[in-house]
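Kindly generate the complete structure, drawing on both the sequences and the hints.
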Amino acid sequence: MQAYLRSDGRKGIRNVITVVYLVECAHHVAKQIAAPFEDDDVHVIGFSGCYPNTYALEMMESLCTHPNVGAVLLVSLGCESFNRNQLAETVRDSGRPVDVLVIQQTGGTRKTFEVGREWIRRTLTELEHVPRVEMGMNELIVGTVCGGSDGTSGISANPAVGNAFDRLVNLGATTIFEETGELIGCEQDMVRRAITPELGKEILACMEKTANYYNILGHGSFAVGNAEGGLTTLEEKSLGAYAKAGHGALHGIIKPGNVPPNPGLYLLDVIPDGEVRFGFPNINDTAEIGELIACGSHVILFTTGRGSVVGSAISPVIKICGNPETYRRMSDDMDVNAGRILEGQGTIDDVGLEIVERIRRTAEGEQTASESLGHREFVLTYKSFEPIGPSCLPLALA
Amino acid sequence: MQNQEQYFLRLSANDNVLVVVKAIQQGQELELEGVKITAQKTIPFGHKVAARALTAGEKIVKFGMPIGSTTTTISAGEHVHTHNLQSDYIPSFGRPGEGGH
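Residue numbers (this note's numbering), protein chains in the order written: chain A, 1 to 398; chain B, 1 to 101.
Don't read these hints as lab results, they were simulated from the structure.
The beta-carbon is built from N, C-alpha and C at its ideal position, and this holds for glycine as well.
Take the hints with a grain of salt, since some may be wrong.
Claimed, not checked - Within a straight-line C-alpha distance of at most 16 Å, the following computed EDC-like cross-link-like pairs (lysine to aspartate or glutamate) qualify:
id, chain 1, residue 1, chain 2, residue 2
1, B, Lys22, A, Glu325
2, A, Lys209, A, Glu275
3, A, Lys31, A, Glu114
4, B, Lys41, B, Asp88
5, B, Lys22, A, Glu275
Claimed, not checked - Some chain A residues well away from chain B (every beta-carbon gap over 12 Å; in silico):
id, residue
6, Ser48
7, Lys111
8, Glu118
9, Gly147
10, Gly154
11, Gly185
12, Pro197
13, Ala227
14, Ser238
15, Gly257
16, Gly274
17, Glu275
18, Ile283
19, Val356
To be verified - Just so you have them, the derived chain A footprint on chain B, three or more residues with Cβ under 8 Å:
id, stretch
20, 6–12
21, 26–40
22, 43–55
23, 70–78
So this is what it looks like as structure tokens:
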């Protein structure tokens, strides 16, 4: 397949312009700048907060230099605290076209629309000249998340994604799973799969942090409805989500913005460090998808049972529906029908293979269901993280 | 497949439970991986049955991984749930009077 080669050597499967609002006050202007370019890959992302946050800045640096991104337009009101100069410099250093529009200096809403749209027209032409190079499946980073789950997710869509993850790792690709809050009870198995004992200890520490965080927030655990749906134990429920991780060795634990240094399977720790400060770790599925993309994911595998419709800015989302009835009702929104496993129309292995093929076609440029429907969701909230320790990425030391 | 309709799904090769993917009625005669069984009770979609006879204290394996231990002997095809399986991690909760083991 043909990829877009960036000057840092990374390869992207899309050539997106991100229009980035740096405070909610600039959101409308950013949205309207991008509005005439609905048929192009011009995506609006942003951070609503007026007060600075290191995590949000680092997330933006990772996202705006993601290999699927070709150029970046920053839209600032002018008085917010976001460090727009640092973000612009990071993007410039990566070799991408970047400009900063400060609404208060440009002369207000209408003038900023005009200047911004003119910049996008010019830049779209410029992006046609980004070099195309051959890219193998082994160069892909694939993230996974589940949302709108039901009793079918854990027995059809999630094991099928696990099967696809095993196949991807065998092809030399990089895979990332997360949702540590839904992995409570799986820690011993993750320790068993960790490539070093020290990594195992990091996983245990991460899971302890997760349990503590959720206890303080007072949610998470095993509900009566789970038992009515046929789940008997907490570890069984968690394994339904964990099934997305397949059966391979666990190569490392990363945090939002860390790009895995080697191929293999990685756990993304999305739970903030330190005392509980900014509320829920992830307010919705879109926040988790944004973090997977900040870790370099070219493609997201999203499993659902009840029927989520979301896509994402920057990286395509492939939706894998575990419930055959939901699939029939919402097939326009779905890419893969894993529900057929439950109707005897295929095995987990068949669907795993179908998912890998679907990834290949998506990487070759074919639109996913959510892309063709114009879904480009994005959200970024306040969080705080400590850097990962040296034991988290054992192969990076070698 | 002999049966036109599929009732049981094996998630992993070394699992000792199968997932019920179509609700089973009490007294129904079914084939469980080649063995004829008669359902002793109604079992809803999404629940589990034993793939083979199990002894008390045996690890139950689903997704290829342990999900808890049996509290009693279980025969092939029998419903596996809160009345005969418990977490090795923390106890599960049930509504008072339902499945209180």
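- Query: Any hints this thing doesn't respect? Which numbers, in order?
  - Reply: Structure breaks hints 4, 5, 10, 11, 13, 14, 21 and 23.
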